[in-house]
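Student: Let's have the full structure, built from the sequences with the hints guiding it.
Heads up: the sequence lines are chains A and B, in that order. Numbering follows the working numbering, in which position 108 of the first sequence is assigned residue number 108; successive positions increment by one, without gaps. Numbering follows the working numbering, in which position 223 of the second sequence is assigned residue number 223; successive positions increment by one, without gaps.
You can trust all of the hints, since none of them are fake.
Below 20 Å or equal to it, Euclidean Cα-Cα: the simulated EDC-like pairs (lysine to aspartate or glutamate) are: (1) K186/A x D449/A; (2) K4/B x E179/A; (3) K224/B x D221/A.
Simulated coverage check for chain B against chain A, where a stretch passes if three residues somewhere in it have a Cβ under 8 Å from a Cβ of chain A: (4) 2-9; (5) 14-28; (6) 153-164.
Since the hints were derived computationally from the structure, they do not count as laboratory data. From a predicted model like this one, the values you see are computed outputs, not experimental measurements. Built from N, CA and C at the ideal position, the CB exists for glycine as well.
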Amino acid sequence: MLFNSNEFIFLFLPIAFALYFFLNAKVSILAGKVWIILASLFFYSWWNINYLPLIVLSILVNFFISQALMKEPKAKKSYLLLGLAFNIGLLGYFKYMDFFIKNFNWGFGTDVPLLHLALPLAISFYTLQQIAYLVDSYGGLVKEKNFLDYTIFVTFFPQLIAGPIVHHKEMMPQFASLENKIINHKNIATGIFIFSIGLFKKVVIADSFAKWANLGYANVDVLNLIEAWATSLSYTFQLYFDFSGYTDMAIGAALLFNIKLPQNFNSPYKATGLIDFWNRWHMTLTRFITTYIYKPFLKSLGKISFEKAMIATIFTMFIAGLWHGAAWTFVIFGILHGLAIAVNHYWKRSKIGMPHWLAWFITFNFLNFSFIIFRAENMDTALSMFKTMFAGEIVLYEKFGAYLGFLTQYGIEFGDVFQHIKGQAQTVAYILLAFIIVLAMKNSTYFKDHFTSSKYTLAATLIMFIVAVSMASKFTEFLYFNF
Amino acid sequence: MSFKFWNKFFLITAFSFFILTAAFNFTVNPYGLFNHHFFSDFIVIKKHTVSERMQIFYTTIHKDPQNIMMGTSRIGMLSPADVTKYLGGTTSNMAMAGSNIEEQSQYLLYMIKNHSVKNIVWSMDFCSFNPDLPNDGDFTYDRLDSGTYLNRDRKIALMGFQASKNSFLTLYDNFKASDKEKEEYKRVLDDEDGEFQKHMQNTVLTKKEIDDYTAWQIENYPKKFLVVRTFDQPHSIDPNLKKMQTVIDACKKKNINLVIYTSPVSKDFLQLYKDLGLEKTFKYWKKGLADITAYTDFCYLNDITKNPYNFLDATHLHSKYSALLFARIFNDPSVKGPKDFGKYINKK
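Tutor: Structure, rendered in structure tokens:
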């Protein structure tokens, strides 16, 4: 069930909300907790019920290993290794097995058949959250040990499918809090407001860019130079508005239940460096990989030095790239970002100044190029896109031919500029508007934190909600569901 | 204002808006999706559709016919009345222009599973077996399987801005139209009498027009319907033959009479197959069809296909031959025409 579908907005969410508070008020807190778990599992099973046993098994195994680990300090290392092996094994089997077999076949000239396993929805997200719980149990940092709270922490539907990647320390106390079991009108209003912003971002902005980006990547061999730039920028904006829109909807839906999810985006395209970018983009992933990959890995290298920290950074980003998907394009994306962060650190260390606008320009272009590798089906497609962006045929609007006809002698043509991506002047307007939104406007976290129940917020919310629901002619999936 | 008032105002306004919009679009029903007859004397003309496929599909399921005609626009030009003549009951022409076998199979399997179909007349087009022919833009593989697309159709027809705009335009058209225009529109729409095909039968094209249309098709079909990437390798059509087999099996299971024939195309088009290096695949296709079912073959050089002026272009047989084609399929000697038009083929 997608957040932008009618089933979710008009049926699932109101029913889940109403019954949750009814049970809390009239029956018991326990009944409310059981209800929210069942509702979340129903939400999860809506796509494919076959993967329900997998998530249930993952929850049971992880919870009982963490309990055993805390009860038996002598054997805790063995339990931790067992838990990690289970989680990494599960993720490795479902997500990376075919990738491994393909490369094995390529490397050794064998013909081992592929398994063609479908990726269980949300496995990358719920596995990370549970690894964090296990590792913290091992470190003695876990205080919350209630099974129901743990199950809600993993399955709570607003964050289940594509994050934010929540941490048990910030979530389980909220699920245990009695104060959160009472309807809070301020949270409901704020939740509706932020959900409507997310819905608008997804349906009106991201899905518009998706049309041009998808057509561009499908016709990469025939694009002209301007189309190639429009395609790459369309995807860069689609990715941000799609994922941050999803996150806003998740935060909004969770707020209805008095649960505060962590911030996941902080105007990432305002970043003036790659370090800055990763502190603003998918912030909960950055938090996870810093705590559970970067720090332990750096520690394992012995005495800390700048060079070792850079090696750890590149390694961590390599893992982050691979986490997004089992393909070399994701690996290259991760390593490139790791290298760029290292360069950023070296630059900072050198204390050479750079104008703010230039730092932004370099960062944004690096992101736009790296997202081409992230989006392309393979490196050939990505390279073809790069080539067209710099050496492609230049086509200008037919009308300009009357004044600029002399340019034809330099190989510039006049015609339908956006023919292959079915774009028009609207494409240029959307790209310009997107730049204005991401660079000049406050982000949704700011709006959420400064929300008041005024007639202006009411009108804005109504407009965004009605326009978005009315424009959703078909329900397109969120990009991060694939990762 | 208080947060409580804010919440109440939001919920009441938003839901009232959606309920009123849905009620309006449901009543006007611009896409004919809902099977009701509210204001059916007044709201007759419905020109503002979002998808031809959607309209054909819903018109057919609302009619719940006993006989279905399926294929591409080649059978789309032929009259359901000529099928009803032999099979009785009611007939719907469910032809999907430019469709491939995957798409046709999906629609047929849906109809077989969910409706009380007794006879299916399925026209086979060589182009539809092209593995490189993509599905139409408004078709998805899960459209009919999962039922999700049906829900999406309803949502599109009830709640979108586009539906509301089309409802208003539909109302405007009907306010403007005279009773006579509405009557005429109604008659053409009701293809049970083959009104559209009758109109086509009366269409007289000049030789130059036919030559121009033919030349256009010969030039443009290789860019889409006959694009050759793997199509020149005979076995490339095996998956499509398998899909066809699933429909045959489903018909057997439900005791549905399945009538299959190959659509005639003009000699120029048969020559195009050769020019594109598709001769081997073409032969393999006919043999493949015979291996899985008996059929009536019209797709070869005969007295009808040799004359390009028996067609509207290179591939669409003129509707005046509709009666002859079905007479040959159903062994009716009373309809006269060239003797070499139509051959019964089976595995032997």
